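Student: Starting from the given sequences, assemble the full structure and let the hints guide the process.
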Amino acid sequence: MASTAPAPAPAPAEPAGTTPALRRLYVVRFVFAVAWAALLLLGGSELTLGVRLLLALYPAFDVAAAVVDARSARTAGPLKGLYANMAVSALAAIGVAVAGTSSVADVLRVWGAWAIVSGLVQLLVGLARRSMGGQWAMILSGGISVLAGASFLRGAAQDDPTLTALAGYATLGGIFFLVSAVRLSRSVPRER
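Residue 160 in my numbering sits at position 58 of the sequence shown, with consecutive numbering throughout.
Think of the hints as simulated: they come from the structure by calculation, not from any bench.
Computed from a prediction, not measured in an experiment: that's the story for all the values here.
Note that CB positions come from ideal geometry on N, CA and C, so glycine has one too.
You may find that some hints are simply not true.
Claimed, not checked - Pair by pair, the computed Cβ-Cβ distance ranges are:
| hint | residue 1 | residue 2 | range |
| --- | --- | --- | --- |
| 1 | R232 | D262 | 39 to 45 angstroms |
| 2 | R173 | E148 | 34 to 40 angstroms |
| 3 | A123 | S204 | 27 to 33 angstroms |
| 4 | R232 | Y185 | 17 to 23 angstroms |
Tutor: Given below as structure tokens:
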């Protein structure tokens, strides 16, 4: 006699508990990015101690966010990308801190390289998580980060480079995190 038990469902790409944690993290990242951008604009393009600290804070915060994300993720694909992001962002925080003692152009070079590499990582993590829903914004954000990084590298070669483009980059990235948080909210089945 054949069994009438239903076949087991395939395992989800991420555990169900990951989605609420990821949604909260994305909202925190949005708030941080917008606040950081506002502070950078208020600080201007002079490399004062405050601006240099602010510049190093952004990739350092990215490391912390990746650590929180990795703790909630349980699948190998995103974890490898998150670990790579931690390493790249930690190097960027150090690089930006060192470049900040030199010139705006040097800061833009380091930031541009970081934006390219971390954008590629973000794109790959978003692709690995696309079954969760809400990841198209992360995929798009990763691609835009690569293009923005190239723009920062070009901007570093200008006669009078400025840091204001970094504020726009952070704000746009924050908006993508907010969009993903909203999309994740809509893709999670509600318990009754």
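Student: Against this structure, judge whether each hint is valid.
Tutor: Outcome of the hint check:
1. R232 x D262: 39 to 45 angstroms: holds, 41 angstroms
2. R173 x E148: 34 to 40 angstroms: holds, 38 angstroms
3. A123 x S204: 27 to 33 angstroms: violated, 39 angstroms
4. R232 x Y185: 17 to 23 angstroms: holds, 20 angstroms
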